[in-house]
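Visitor: Residue numbers (the working numbering): 1 to 349.
In short, the hints are calculated from the structure, not lab data. Please note that the accuracy of each hint is not assured.
Now the in silico label distances, taken between C-beta atoms and shown as ranges [stated by the list, open to error]:
hint, residue 1, residue 2, range
1, Gln237, Gln82, 20 to 28 Å
2, Ser287, Asp346, 22 to 30 Å
3, Ala112, Arg280, 34 to 42 Å
4, Asp346, Lys250, 31 to 39 Å
5, Ala342, Ala206, 51 to 59 Å
6, Ala112, Gln32, 15 to 23 Å
7, Thr37, Thr204, 41 to 49 Å
8, Val247, Thr204, 28 to 36 Å
As the structure is a prediction and not an experimental result, all values here were calculated from the model. All C-beta atoms, glycine included, are put in the ideal place defined by N, C-alpha and C.
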Amino acid sequence: MTMQTYPVAAVVLVMLCGSQALAQTNINATMQHEGLTRSYIVHLPPGFSAGAQHPLVVALHPSFSTGPDFQATSGWDAVSDQSGIVVVYPTGGVPVGTNGKFAWNSFDFTGAPPNDLSFLAALIARVQLDYGTAACRTYMTGFSNGAMMTNSFAAYRPDLVAAIAPVSGGWITAYGGSESEISPAPPMPVWIWRGSNENFTTGTGANARPRSQQDQEQLAFWVANNKATFESTVTEQLTYGITRTYVTSKYMGAAPVWFTEVQGSSHVYQPGAADLVWTRFFSQIVSEETVCTPCPADINGDGSVDGADLGMLLAAWGSTDPASDLDDNGLVDGGDLGALLAAWGDCRP
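Please work from the sequences and hints to get the whole structure.
Guide: Shown next, in the form of C-alpha coordinates:
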(Lines of atoms letter the chains of each structure in order from A; the text may use other names.)
(Lines give C-alpha, C1' and ligand atoms only; values in the text may rest on other atoms or scores of the structure.)
Protein backbone atom coordinates (compact mmCIF):
# COMPACT_ATOMS: atom_id res chain seq x y z
CA MET A 1 0.00 0.00 0.00
CA THR A 2 1.51 3.36 -1.04
CA MET A 3 0.74 6.47 0.93
CA GLN A 4 2.05 9.99 1.27
CA THR A 5 4.08 11.74 3.92
CA TYR A 6 4.76 15.36 4.72
CA PRO A 7 7.95 17.30 5.49
CA VAL A 8 8.98 18.08 9.03
CA ALA A 9 8.25 21.68 9.96
CA ALA A 10 11.59 22.95 11.20
CA VAL A 11 10.11 25.74 13.28
CA VAL A 12 8.03 23.26 15.26
CA LEU A 13 10.83 20.76 15.70
CA VAL A 14 13.27 23.37 16.95
CA MET A 15 10.70 24.37 19.54
CA LEU A 16 9.94 20.78 20.53
CA CYS A 17 13.28 19.08 20.23
CA GLY A 18 16.23 21.40 20.51
CA SER A 19 18.24 18.26 19.75
CA GLN A 20 17.88 15.11 17.73
CA ALA A 21 16.55 12.95 20.56
CA LEU A 22 13.93 13.37 23.28
CA ALA A 23 12.92 11.51 26.39
CA GLN A 24 9.35 10.20 26.20
CA THR A 25 7.11 13.24 26.05
CA ASN A 26 3.41 14.07 26.10
CA ILE A 27 2.41 17.14 24.09
CA ASN A 28 -1.06 18.63 24.54
CA ALA A 29 -2.07 20.39 21.34
CA THR A 30 -5.02 21.93 19.55
CA MET A 31 -5.82 22.70 15.93
CA GLN A 32 -8.57 24.62 14.21
CA HIS A 33 -10.75 22.52 11.96
CA GLU A 34 -13.94 23.66 10.25
CA GLY A 35 -14.54 26.37 12.83
CA LEU A 36 -13.92 24.16 15.86
CA THR A 37 -10.95 23.93 18.20
CA ARG A 38 -9.95 20.27 18.28
CA SER A 39 -7.65 18.83 20.93
CA TYR A 40 -5.23 15.91 20.91
CA ILE A 41 -2.24 14.52 22.79
CA VAL A 42 0.92 13.35 21.03
CA HIS A 43 3.05 10.80 22.89
CA LEU A 44 6.67 10.74 21.71
CA PRO A 45 8.79 7.72 22.69
CA PRO A 46 12.22 7.89 24.34
CA GLY A 47 14.86 8.59 21.72
CA PHE A 48 12.39 10.27 19.37
CA SER A 49 14.18 11.75 16.37
CA ALA A 50 12.40 13.95 13.85
CA GLY A 51 14.32 12.45 10.96
CA ALA A 52 13.69 8.82 11.87
CA GLN A 53 10.19 8.53 10.34
CA HIS A 54 8.69 6.80 13.37
CA PRO A 55 5.48 4.84 12.80
CA LEU A 56 2.27 6.56 13.94
CA VAL A 57 -0.70 4.99 15.73
CA VAL A 58 -3.94 6.97 15.97
CA ALA A 59 -5.81 5.74 19.07
CA LEU A 60 -9.52 6.61 19.34
CA HIS A 61 -11.41 6.69 22.63
CA PRO A 62 -14.94 5.30 23.24
CA SER A 63 -18.06 7.39 23.80
CA PHE A 64 -18.29 9.35 27.06
CA SER A 65 -14.51 9.70 27.06
CA THR A 66 -11.60 11.83 25.80
CA GLY A 67 -8.16 11.44 24.31
CA PRO A 68 -6.49 11.80 27.74
CA ASP A 69 -8.84 9.17 29.19
CA PHE A 70 -7.89 6.66 26.50
CA GLN A 71 -4.21 7.45 26.86
CA ALA A 72 -4.47 6.53 30.54
CA THR A 73 -6.19 3.18 29.97
CA SER A 74 -5.34 1.78 26.52
CA GLY A 75 -1.75 0.70 27.12
CA TRP A 76 -0.40 2.40 24.00
CA ASP A 77 2.05 4.63 25.86
CA ALA A 78 3.92 1.57 27.11
CA VAL A 79 4.02 0.11 23.60
CA SER A 80 5.26 3.44 22.27
CA ASP A 81 8.06 3.61 24.82
CA GLN A 82 9.15 0.06 24.11
CA SER A 83 8.82 0.07 20.32
CA GLY A 84 9.63 3.65 19.35
CA ILE A 85 6.29 4.59 17.83
CA VAL A 86 4.46 7.90 18.03
CA VAL A 87 0.88 7.70 19.34
CA VAL A 88 -1.74 10.43 18.97
CA TYR A 89 -4.87 10.48 21.14
CA PRO A 90 -7.46 12.88 19.67
CA THR A 91 -10.76 13.79 21.30
CA GLY A 92 -14.01 13.30 19.39
CA GLY A 93 -16.23 16.14 18.24
CA VAL A 94 -19.63 15.16 19.68
CA PRO A 95 -20.20 16.41 23.26
CA VAL A 96 -21.98 13.83 25.43
CA GLY A 97 -23.18 14.23 28.99
CA THR A 98 -22.37 17.24 31.12
CA ASN A 99 -18.84 16.53 32.33
CA GLY A 100 -16.68 17.36 29.32
CA LYS A 101 -16.82 13.98 27.61
CA PHE A 102 -17.14 13.32 23.89
CA ALA A 103 -18.01 10.75 21.23
CA TRP A 104 -17.10 10.31 17.57
CA ASN A 105 -19.48 11.13 14.71
CA SER A 106 -18.97 7.66 13.28
CA PHE A 107 -20.55 6.17 10.15
CA ASP A 108 -21.56 9.66 8.99
CA PHE A 109 -20.24 10.28 5.49
CA THR A 110 -22.38 13.38 4.79
CA GLY A 111 -19.84 15.92 6.00
CA ALA A 112 -22.27 17.17 8.64
CA PRO A 113 -20.60 18.84 11.62
CA PRO A 114 -18.69 17.81 13.53
CA ASN A 115 -16.94 16.20 10.57
CA ASP A 116 -14.70 13.82 12.48
CA LEU A 117 -13.64 12.04 9.30
CA SER A 118 -12.05 15.13 7.78
CA PHE A 119 -10.67 16.12 11.20
CA LEU A 120 -8.80 12.83 11.52
CA ALA A 121 -7.41 13.20 8.00
CA ALA A 122 -6.20 16.70 8.82
CA LEU A 123 -4.82 15.50 12.16
CA ILE A 124 -2.76 12.76 10.52
CA ALA A 125 -1.36 15.33 8.09
CA ARG A 126 -0.58 17.67 10.99
CA VAL A 127 1.24 15.02 13.04
CA GLN A 128 3.21 13.89 9.99
CA LEU A 129 4.17 17.50 9.35
CA ASP A 130 5.10 18.35 12.93
CA TYR A 131 6.89 15.14 13.89
CA GLY A 132 8.01 13.59 10.61
CA THR A 133 6.14 10.31 11.15
CA ALA A 134 6.05 7.81 8.30
CA ALA A 135 2.86 8.14 6.28
CA CYS A 136 3.03 4.58 4.98
CA ARG A 137 3.36 3.31 8.54
CA THR A 138 0.30 5.07 9.95
CA TYR A 139 -2.22 2.84 11.74
CA MET A 140 -5.52 3.33 13.55
CA THR A 141 -7.22 1.58 16.44
CA GLY A 142 -10.18 2.42 18.64
CA PHE A 143 -12.48 1.08 21.31
CA SER A 144 -16.30 0.88 21.10
CA ASN A 145 -17.45 4.15 19.46
CA GLY A 146 -13.76 4.68 18.62
CA ALA A 147 -13.75 1.31 16.84
CA MET A 148 -16.77 2.43 14.84
CA MET A 149 -14.86 5.56 13.90
CA THR A 150 -11.86 3.43 12.95
CA ASN A 151 -13.97 1.41 10.52
CA SER A 152 -15.52 4.63 9.20
CA PHE A 153 -12.12 6.19 8.56
CA ALA A 154 -10.75 3.08 6.86
CA ALA A 155 -13.59 3.36 4.36
CA TYR A 156 -13.31 7.16 4.02
CA ARG A 157 -9.54 7.51 3.62
CA PRO A 158 -7.97 4.07 3.12
CA ASP A 159 -4.95 5.79 1.58
CA LEU A 160 -4.01 7.29 4.96
CA VAL A 161 -3.85 4.15 7.11
CA ALA A 162 -1.89 0.96 6.49
CA ALA A 163 -3.99 -1.22 8.84
CA ILE A 164 -6.71 -0.93 11.48
CA ALA A 165 -7.66 -2.69 14.71
CA PRO A 166 -11.25 -1.99 15.82
CA VAL A 167 -11.90 -3.29 19.35
CA SER A 168 -15.46 -4.02 20.51
CA GLY A 169 -17.18 -1.64 18.11
CA GLY A 170 -20.69 -1.67 16.68
CA TRP A 171 -21.34 -2.11 12.97
CA ILE A 172 -22.81 0.35 10.49
CA THR A 173 -26.02 -1.58 9.75
CA ALA A 174 -27.08 -1.48 13.41
CA TYR A 175 -27.04 2.31 13.31
CA GLY A 176 -29.22 2.86 10.26
CA GLY A 177 -26.43 2.84 7.70
CA SER A 178 -25.71 0.52 4.81
CA GLU A 179 -22.57 -1.37 3.90
CA SER A 180 -22.93 0.18 0.45
CA GLU A 181 -21.69 3.42 2.05
CA ILE A 182 -18.30 1.83 2.72
CA SER A 183 -18.09 -0.63 -0.18
CA PRO A 184 -16.20 -1.28 -2.29
CA ALA A 185 -13.07 -0.41 -0.34
CA PRO A 186 -9.45 -1.19 -1.17
CA PRO A 187 -8.02 -4.22 0.65
CA MET A 188 -7.30 -3.21 4.24
CA PRO A 189 -5.47 -5.29 6.88
CA VAL A 190 -7.94 -5.57 9.78
CA TRP A 191 -7.75 -7.14 13.23
CA ILE A 192 -11.20 -7.21 14.88
CA TRP A 193 -11.51 -7.80 18.62
CA ARG A 194 -14.37 -8.64 20.98
CA GLY A 195 -14.97 -10.03 24.46
CA SER A 196 -16.97 -13.25 24.67
CA ASN A 197 -19.26 -11.68 27.29
CA GLU A 198 -20.36 -8.83 25.03
CA ASN A 199 -23.92 -10.10 24.72
CA PHE A 200 -25.76 -6.78 24.87
CA THR A 201 -27.75 -5.10 22.09
CA THR A 202 -26.78 -1.76 20.55
CA GLY A 203 -27.92 0.34 17.62
CA THR A 204 -30.78 2.63 16.71
CA GLY A 205 -34.45 1.71 16.62
CA ALA A 206 -35.39 -1.36 14.63
CA ASN A 207 -31.81 -1.70 13.40
CA ALA A 208 -30.46 -2.53 16.86
CA ARG A 209 -29.21 -6.07 17.31
CA PRO A 210 -26.91 -8.13 19.54
CA ARG A 211 -23.29 -7.10 19.49
CA SER A 212 -22.24 -10.67 18.68
CA GLN A 213 -24.26 -10.45 15.45
CA GLN A 214 -22.74 -7.08 14.58
CA ASP A 215 -19.24 -8.48 15.10
CA GLN A 216 -19.97 -11.33 12.69
CA GLU A 217 -21.33 -8.87 10.12
CA GLN A 218 -18.19 -6.76 10.50
CA LEU A 219 -16.02 -9.84 10.02
CA ALA A 220 -17.99 -10.97 6.97
CA PHE A 221 -17.68 -7.53 5.38
CA TRP A 222 -13.91 -7.34 5.69
CA VAL A 223 -13.39 -10.97 4.65
CA ALA A 224 -15.42 -10.35 1.49
CA ASN A 225 -13.83 -6.96 0.87
CA ASN A 226 -10.32 -8.39 1.18
CA LYS A 227 -11.22 -11.49 -0.87
CA ALA A 228 -9.93 -13.55 2.03
CA THR A 229 -10.46 -17.19 2.94
CA PHE A 230 -10.17 -18.93 6.28
CA GLU A 231 -6.65 -20.09 7.09
CA SER A 232 -6.46 -21.15 10.74
CA THR A 233 -7.63 -20.66 14.32
CA VAL A 234 -5.10 -20.08 17.08
CA THR A 235 -6.09 -20.64 20.71
CA GLU A 236 -3.68 -19.50 23.41
CA GLN A 237 -3.63 -18.48 27.05
CA LEU A 238 -2.11 -15.05 27.60
CA THR A 239 -1.57 -13.09 30.78
CA TYR A 240 -2.14 -9.34 30.84
CA GLY A 241 -2.97 -8.70 34.47
CA ILE A 242 -5.22 -11.75 34.34
CA THR A 243 -4.81 -14.97 32.35
CA ARG A 244 -7.45 -15.45 29.67
CA THR A 245 -7.92 -17.58 26.57
CA TYR A 246 -7.55 -15.71 23.28
CA VAL A 247 -9.12 -17.36 20.22
CA THR A 248 -7.99 -15.83 16.93
CA SER A 249 -9.37 -16.81 13.53
CA LYS A 250 -7.15 -15.77 10.63
CA TYR A 251 -8.25 -15.14 7.05
CA MET A 252 -5.78 -14.46 4.25
CA GLY A 253 -6.35 -12.82 0.88
CA ALA A 254 -5.54 -9.49 -0.72
CA ALA A 255 -5.07 -8.30 2.88
CA PRO A 256 -5.32 -10.25 6.15
CA VAL A 257 -8.36 -10.26 8.41
CA TRP A 258 -7.97 -11.47 11.99
CA PHE A 259 -10.80 -11.91 14.47
CA THR A 260 -10.01 -12.39 18.17
CA GLU A 261 -12.48 -13.28 20.91
CA VAL A 262 -11.14 -12.99 24.46
CA GLN A 263 -12.89 -15.61 26.57
CA GLY A 264 -14.55 -14.35 29.75
CA SER A 265 -13.92 -10.71 28.88
CA SER A 266 -16.55 -8.03 28.49
CA HIS A 267 -16.80 -4.61 26.83
CA VAL A 268 -13.28 -3.26 27.36
CA TYR A 269 -10.24 -2.35 25.29
CA GLN A 270 -9.14 -5.95 25.58
CA PRO A 271 -6.20 -6.73 27.90
CA GLY A 272 -2.98 -6.76 25.93
CA ALA A 273 -4.65 -5.46 22.77
CA ALA A 274 -2.15 -2.62 22.35
CA ASP A 275 0.87 -4.89 22.79
CA LEU A 276 -0.47 -7.66 20.57
CA VAL A 277 -1.82 -5.37 17.85
CA TRP A 278 1.54 -3.68 17.52
CA THR A 279 3.94 -6.61 17.84
CA ARG A 280 1.94 -9.18 15.87
CA PHE A 281 0.03 -7.09 13.35
CA PHE A 282 0.73 -3.40 12.72
CA SER A 283 4.51 -3.75 12.84
CA GLN A 284 4.35 -6.63 10.35
CA ILE A 285 2.21 -4.88 7.72
CA VAL A 286 4.74 -2.42 6.28
CA SER A 287 8.49 -2.99 6.33
CA GLU A 288 10.60 -0.42 8.15
CA GLU A 289 12.67 -0.14 4.97
CA THR A 290 9.69 1.08 2.93
CA VAL A 291 10.19 4.64 1.66
CA CYS A 292 7.09 6.83 1.84
CA THR A 293 6.28 9.05 -1.13
CA PRO A 294 6.05 12.73 -0.14
CA CYS A 295 3.04 14.94 -0.86
CA PRO A 296 3.88 18.09 1.09
CA ALA A 297 1.39 20.46 -0.51
CA ASP A 298 -1.71 18.48 0.54
CA ILE A 299 -2.23 20.88 3.44
CA ASN A 300 -5.68 19.64 4.45
CA GLY A 301 -4.80 15.97 4.07
CA ASP A 302 -7.63 15.08 1.69
CA GLY A 303 -5.44 13.20 -0.78
CA SER A 304 -5.10 15.87 -3.44
CA VAL A 305 -3.49 19.27 -3.94
CA ASP A 306 -6.30 21.54 -5.11
CA GLY A 307 -8.19 24.76 -4.53
CA ALA A 308 -8.83 23.97 -0.88
CA ASP A 309 -5.10 23.76 -0.20
CA LEU A 310 -4.49 26.92 -2.21
CA GLY A 311 -7.10 28.74 -0.13
CA MET A 312 -5.46 27.60 3.11
CA LEU A 313 -2.04 28.73 1.89
CA LEU A 314 -3.32 32.15 0.83
CA ALA A 315 -5.11 32.56 4.17
CA ALA A 316 -1.78 31.93 5.90
CA TRP A 317 0.18 34.26 3.58
CA GLY A 318 2.91 36.17 5.38
CA SER A 319 2.65 34.05 8.53
CA THR A 320 4.88 31.34 9.96
CA ASP A 321 2.14 28.68 9.78
CA PRO A 322 4.13 25.42 9.54
CA ALA A 323 1.44 23.59 7.57
CA SER A 324 1.61 26.16 4.76
CA ASP A 325 5.36 26.85 4.97
CA LEU A 326 6.13 24.13 2.45
CA ASP A 327 9.77 25.07 1.90
CA ASP A 328 10.46 25.42 5.65
CA ASN A 329 11.99 28.90 5.32
CA GLY A 330 9.97 30.27 8.24
CA LEU A 331 7.50 32.29 6.15
CA VAL A 332 4.51 31.52 3.94
CA ASP A 333 5.41 33.26 0.69
CA GLY A 334 5.90 32.87 -3.04
CA GLY A 335 8.18 29.89 -2.66
CA ASP A 336 5.41 27.97 -0.97
CA LEU A 337 2.91 29.00 -3.63
CA GLY A 338 5.25 27.70 -6.31
CA ALA A 339 5.69 24.40 -4.47
CA LEU A 340 1.94 23.99 -4.16
CA LEU A 341 1.24 24.70 -7.82
CA ALA A 342 4.01 22.31 -8.88
CA ALA A 343 2.36 19.53 -6.86
CA TRP A 344 -1.18 20.25 -8.14
CA GLY A 345 -3.32 17.16 -8.57
CA ASP A 346 -4.10 13.84 -6.95
CA CYS A 347 -1.75 12.56 -4.24
CA ARG A 348 -3.47 9.23 -3.78
CA PRO A 349 -1.83 5.98 -4.91
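Visitor: None of the hints should be skipped; say for each whether it holds.
Guide: Evaluated hints:
1. Gln237 <-> Gln82: 20 to 28 Å: holds, 22 Å
2. Ser287 <-> Asp346: 22 to 30 Å: Taking Cβ atoms as reference, Ser287 and Asp346 lie about 25 Å apart, which means the hint holds.
3. Ala112 <-> Arg280: 34 to 42 Å: At 37 Å between Cβs, range holds.
4. Asp346 <-> Lys250: 31 to 39 Å: The hinted range 31 to 39 Å holds for Asp346 and Lys250, with Cβ atoms some 34 Å apart.
5. Ala342 <-> Ala206: 51 to 59 Å: Holds, at about 53 Å.
6. Ala112 <-> Gln32: 15 to 23 Å: Between Ala112 and Gln32, where Cβ atoms are some 19 Å apart, the hint holds.
7. Thr37 <-> Thr204: 41 to 49 Å: violated, 29 Å
8. Val247 <-> Thr204: 28 to 36 Å: Check passed, 30 Å falls within 28 to 36 Å.
When held up to the earlier numbered hints, the structure conflicts with hint 7 and nothing else.
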